[in-house]
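Number of protein chains: 2
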Amino acid sequence: MSSTRLLSFRRCLPLRRSSAAGWNHPESAGAQLQSPSGSSRGSRCTLVRTMSSANLTLDNLNPQIKVMEYAVRGPLVIRAGEIEKELEKGVKKPFNEVIKANIGDCHAMGQVPITFIRQVLALVSYPPLLDDPTFPEDVKERAKTILKGCRGSSVGSYTDSPGIEVIRKHAAQYIEKRDGGIPCDWQNVILSAGASDAIKNVLKLLICNVGGKKPGVMVPIPQYPLYSASLAEFNMHQIGYFLDESKGWGLDVSELQRSIDEARKVSNPRAIVIINPGNPTGQVLSRQNIEEIIKFAYKEKLFLFADEVYQDNVYAEGSQFYSFKKVLIEMGKPYSDMELASFMSCSKGYMGECGLRGGYAEVINMDPQVKAMYLKAISAMLCPTVLGQATLDTIVHPPQKGEPSYELFMKEKRGVLESLKLRAKMVAETFNSFEGFKCNPVQGAMYAFPQFTLPSKAVEEAKKQNKAPDVFYAFELLENTGICIVPGSGFGQQPGTYHFRTTILPQTDKLKVMLDKFKEFHTTFLKKYG
Amino acid sequence: MSSTRLLSFRRCLPLRRSSAAGWNHPESAGAQLQSPSGSSRGSRCTLVRTMSSANLTLDNLNPQIKVMEYAVRGPLVIRAGEIEKELEKGVKKPFNEVIKANIGDCHAMGQVPITFIRQVLALVSYPPLLDDPTFPEDVKERAKTILKGCRGSSVGSYTDSPGIEVIRKHAAQYIEKRDGGIPCDWQNVILSAGASDAIKNVLKLLICNVGGKKPGVMVPIPQYPLYSASLAEFNMHQIGYFLDESKGWGLDVSELQRSIDEARKVSNPRAIVIINPGNPTGQVLSRQNIEEIIKFAYKEKLFLFADEVYQDNVYAEGSQFYSFKKVLIEMGKPYSDMELASFMSCSKGYMGECGLRGGYAEVINMDPQVKAMYLKAISAMLCPTVLGQATLDTIVHPPQKGEPSYELFMKEKRGVLESLKLRAKMVAETFNSFEGFKCNPVQGAMYAFPQFTLPSKAVEEAKKQNKAPDVFYAFELLENTGICIVPGSGFGQQPGTYHFRTTILPQTDKLKVMLDKFKEFHTTFLKKYG
Numbered sequence: 001m002s003s004t005r006l007l008s009f010r011r012c013l014p015l016r017r018s019s020a021a022g023w024n025h026p027e028s029a030g031a032q033l034q035s036p037s038g039s040s041r042g043s044r045c046t047l048v049r050t051m052s053s054a055n056l057t058l059d060n061l062n063p064q065i066k067v068m069e070y071a072v073r074g075p076l077v078i079r080a081g082e083i084e085k086e087l088e089k090g091v092k093k094p095f096n097e098v099i100k101a102n103i104g105d106c107h108a109m110g111q112v113p114i115t116f117i118r119q120v121l122a123l124v125s126y127p128p129l130l131d132d133p134t135f136p137e138d139v140k141e142r143a144k145t146i147l148k149g150c151r152g153s154s155v156g157s158y159t160d161s162p163g164i165e166v167i168r169k170h171a172a173q174y175i176e177k178r179d180g181g182i183p184c185d186w187q188n189v190i191l192s193a194g195a196s197d198a199i200k201n202v203l204k205l206l207i208c209n210v211g212g213k214k215p216g217v218m219v220p221i222p223q224y225p226l227y228s229a230s231l232a233e234f235n236m237h238q239i240g241y242f243l244d245e246s247k248g249w250g251l252d253v254s255e256l257q258r259s260i261d262e263a264r265k266v267s268n269p270r271a272i273v274i275i276n277p278g279n280p281t282g283q284v285l286s287r288q289n290i291e292e293i294i295k296f297a298y299k300e301k302l303f304l305f306a307d308e309v310y311q312d313n314v315y316a317e318g319s320q321f322y323s324f325k326k327v328l329i330e331m332g333k334p335y336s337d338m339e340l341a342s343f344m345s346c347s348k349g350y351m352g353e354c355g356l357r358g359g360y361a362e363v364i365n366m367d368p369q370v371k372a373m374y375l376k377a378i379s380a381m382l383c384p385t386v387l388g389q390a391t392l393d394t395i396v397h398p399p400q401k402g403e404p405s406y407e408l409f410m411k412e413k414r415g416v417l418e419s420l421k422l423r424a425k426m427v428a429e430t431f432n433s434f435e436g437f438k439c440n441p442v443q444g445a446m447y448a449f450p451q452f453t454l455p456s457k458a459v460e461e462a463k464k465q466n467k468a469p470d471v472f473y474a475f476e477l478l479e480n481t482g483i484c485i486v487p488g489s490g491f492g493q494q495p496g497t498y499h500f501r502t503t504i505l506p507q508t509d510k511l512k513v514m515l516d517k518f519k520e521f522h523t524t525f526l527k528k529y530g
Numbered sequence: 001m002s003s004t005r006l007l008s009f010r011r012c013l014p015l016r017r018s019s020a021a022g023w024n025h026p027e028s029a030g031a032q033l034q035s036p037s038g039s040s041r042g043s044r045c046t047l048v049r050t051m052s053s054a055n056l057t058l059d060n061l062n063p064q065i066k067v068m069e070y071a072v073r074g075p076l077v078i079r080a081g082e083i084e085k086e087l088e089k090g091v092k093k094p095f096n097e098v099i100k101a102n103i104g105d106c107h108a109m110g111q112v113p114i115t116f117i118r119q120v121l122a123l124v125s126y127p128p129l130l131d132d133p134t135f136p137e138d139v140k141e142r143a144k145t146i147l148k149g150c151r152g153s154s155v156g157s158y159t160d161s162p163g164i165e166v167i168r169k170h171a172a173q174y175i176e177k178r179d180g181g182i183p184c185d186w187q188n189v190i191l192s193a194g195a196s197d198a199i200k201n202v203l204k205l206l207i208c209n210v211g212g213k214k215p216g217v218m219v220p221i222p223q224y225p226l227y228s229a230s231l232a233e234f235n236m237h238q239i240g241y242f243l244d245e246s247k248g249w250g251l252d253v254s255e256l257q258r259s260i261d262e263a264r265k266v267s268n269p270r271a272i273v274i275i276n277p278g279n280p281t282g283q284v285l286s287r288q289n290i291e292e293i294i295k296f297a298y299k300e301k302l303f304l305f306a307d308e309v310y311q312d313n314v315y316a317e318g319s320q321f322y323s324f325k326k327v328l329i330e331m332g333k334p335y336s337d338m339e340l341a342s343f344m345s346c347s348k349g350y351m352g353e354c355g356l357r358g359g360y361a362e363v364i365n366m367d368p369q370v371k372a373m374y375l376k377a378i379s380a381m382l383c384p385t386v387l388g389q390a391t392l393d394t395i396v397h398p399p400q401k402g403e404p405s406y407e408l409f410m411k412e413k414r415g416v417l418e419s420l421k422l423r424a425k426m427v428a429e430t431f432n433s434f435e436g437f438k439c440n441p442v443q444g445a446m447y448a449f450p451q452f453t454l455p456s457k458a459v460e461e462a463k464k465q466n467k468a469p470d471v472f473y474a475f476e477l478l479e480n481t482g483i484c485i486v487p488g489s490g491f492g493q494q495p496g497t498y499h500f501r502t503t504i505l506p507q508t509d510k511l512k513v514m515l516d517k518f519k520e521f522h523t524t525f526l527k528k529y530g
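Residue numbers (our numbering), protein chains in the order written: chain A, 1 to 530; chain B, 1 to 530.
No lab work stands behind these hints: they were computed from the structure.
Some hints could be false.
Treat identical chains as interchangeable: a pair holds within one or across any two.
[Claimed, not checked] Calculated lysine-lysine pairs in the BS3-like style (CA-CA distance at most 25 angstroms, straight line):
#	residue 1	residue 2
1	K204	K517
2	K204	K214
3	K299	K213
4	K425	K148
5	K144	K519
6	K148	K92
Bound-form chain A, shown alone:
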């Protein structure tokens, strides 16, 4: 009852609604909302006065929450949800369905779950199925091993906060194999509820003002907005370094140097985030580039955050995934002593199990006293979801040659990855055929991030509507085609350039239709504003 009832006792001053940046969530029932965008940085919040009887208002809300943004689930996506509801109610639109190309949500876009993963989950959830002869023996063996690692043999009991020991050991073996035999200590593998959970838990260790300066964290531009959102929440300084679009979104050390030198004036740089393969940019870093970054980080005394959740998603000929850990260890001293956290997730790769929230951080060379504090800090949240941990186990300990599930598993895994490879190529090529578009090859990950030009009339119209030009374009696309993308400003881009991120995840037939509709829209848009 409350939110509707409440509104009759509450009046807000009519504020200009910025539909681009405003978080006027439909569930907040018609509130007029201030823009929380970077430019306002909370400074305008004091303009908001409500007649509310509430004690917690925008005036005294956590200011870091106010400035935080997360574009992947931002206002465009909220509008997409509204449109879906309108379609359900029979509202006529120039399209029949919303295509959510805004988020790397594989199963939502029709990808079929891997049988082996789901069979193991069914068995650990409901162990009487261990007696069901229709389940393969290797599935049963995996389920029994996981259950043996659970207290009381139940996935319903708490695990140690860093996760179940046997799963951490499987993860360590997986990492060793991935890195060609470089040892991995299972005690450095900390399981988590998706990579996001792990990233925030390591990041928050660095919150410490020294000499009156905020801690700074180097983050690529464009970047995955979890980083900007978390840095905002933690009141840390975001040091943006631009990826070089003209060099396939590579990292240029002179740009790293420029950004850190500038940032030192106002912050105390402590860490660098590298996303490889890149999100939203799809590049796969060369080994040489990784070495340069490690040398730079060593020189500047930075903690390395290697966001490697797309390590299975490498498509381009000649591209290969090198983990930061492998490169760093192989470079030898002093680099091999550097602090590094590498993050992995069940949500991406060939499995795409976003909803199950499995992942880990491998943290090496952390000061043992700090590590003890890290383990203490995660203990108050008890443990990551055990079924998410079980999911991770199936990924780091997949069926082996000769086991009954092997053939099907490999067929399904290859099927997903080969299809993604085709789609990666198709998306980049198609965008490059659009007037004014320029798209780097999608070497890896699950996204294209094309640059596009806009006619000056469109830019003017965007200004009139109080929207960034790329946001305006994305809203037009959504309202006219049902295609939901994320404007480049949600990830960061060189001033004066316009981009957007789209996933390559719609299944091939649907992707073709989407790209055709997109092209038609773009042509019409250019005619209208050209």
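Given chain A, work out where chain B should sit, using these hints.
Just chain B now, kept in the frame of chain A:
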């Protein structure tokens, strides 16, 4: 490799190890660790100088992480884990197993999962089982409804950040029924990864220094240490109000007033946490007591946090659970307009599904602009585990009379709750038979929190060992009997008094053995130090 390799390049000054308060986690491989206990409050951290090549050290670690403590998983529990490993290796001890009475971990202590819950989980995890004739029809219907609420009909897709709509609607219906028909708007129900996740997400909204004063949150003493840990992490001021042990751990308004008046000098009190039924104290608040608290909170303009995760766990004759929402709404204006967040979990009750991480917050009367910010803030973490959400669905939408799973479900549910009721009685009565023990009745929840006296020689010995007396007692108990409890100082207690928390969760036979061993230990302890 890294943590062992690492140690050879790292030397720490030998520091006195406080095994009670020190977080010398076995996984941090022998590091000498400073005490992060309240008394040091990080102030001694600058004493620590390592020869480490690490950039992140105790010197520049997040100071809030340093002061944070979480006793339920603290040093005693770490030692218990070590002892388990020693037993595995064949080390001789005066006991054969560790009894983990430190944590409300039902399945770990032998409670059997509810069939209905696990069957639904198996089906949503592996939908081909929907064709298996051995699963009841209502299980299939539930699974289909959940899958319909998932994008792409897969629990592997992301959901909306506040959870799947149909599950939120089921939760709202559950709340309405619980509260005798008082309406619940499903849009006020925000699903979460256990209650802890929800509590932290609401709590962090209140982080805002006003007039140079930290935000203060009133928390009972004794309290569940998630609150002290989160307040430490968020750098908020913990306002402790003492529960009245002599009145069955009830809340006394004059004590609330005393604590807030004192706290106003140094902080800006913004919220009050009430845990009902109580953890670790086991009391169930009377309706009259709840009304008094609500009036107090209204007068002092406090946001109400009702931690009601034990709402199904009420055992004592004459005790009844009243939700804060029900009482507040029935009190009428102005109280019915107050801001309230009520928290629920899948981890407790009759289900005890701790590892699955399901829960929700019902948040009423929140300013709509603040609510929009709250929803934005949780969006960066994408969504709570979908299988945790599915678990919650089974709890808020259980089998109904006439459905095929009903009889078994009710039998299993009653079985757990009736057994807990017997054990609650047995534990309190047994402790009251110990010399120097005094234990209030366990009216609800899953814990007893007896007070005990210690001979002065024992107190002296504890001081010699640099341990709080109750911590010393708990370590002695652990080393001599394998029983792991949590000392009262982990929850807070009146100065000069000693308590501990034990769960009532060991199955009845085991619980009897545990209590017998405990009594024998206590008698011997008194002889030794008496």
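Hints, one by one, checked against the model:
{"no.": "1", "hint": "K204 x K517", "in the structure": "neither (43 angstroms within a copy, 43 angstroms between copies)"}
{"no.": "2", "hint": "K204 x K214", "in the structure": "both (13 angstroms within a copy, 20 angstroms between copies)"}
{"no.": "3", "hint": "K299 x K213", "in the structure": "within (20 angstroms within a copy, 40 angstroms between copies)"}
{"no.": "4", "hint": "K425 x K148", "in the structure": "neither (44 angstroms within a copy, 32 angstroms between copies)"}
{"no.": "5", "hint": "K144 x K519", "in the structure": "neither (52 angstroms within a copy, 37 angstroms between copies)"}
{"no.": "6", "hint": "K148 x K92", "in the structure": "between (55 angstroms within a copy, 24 angstroms between copies)"}
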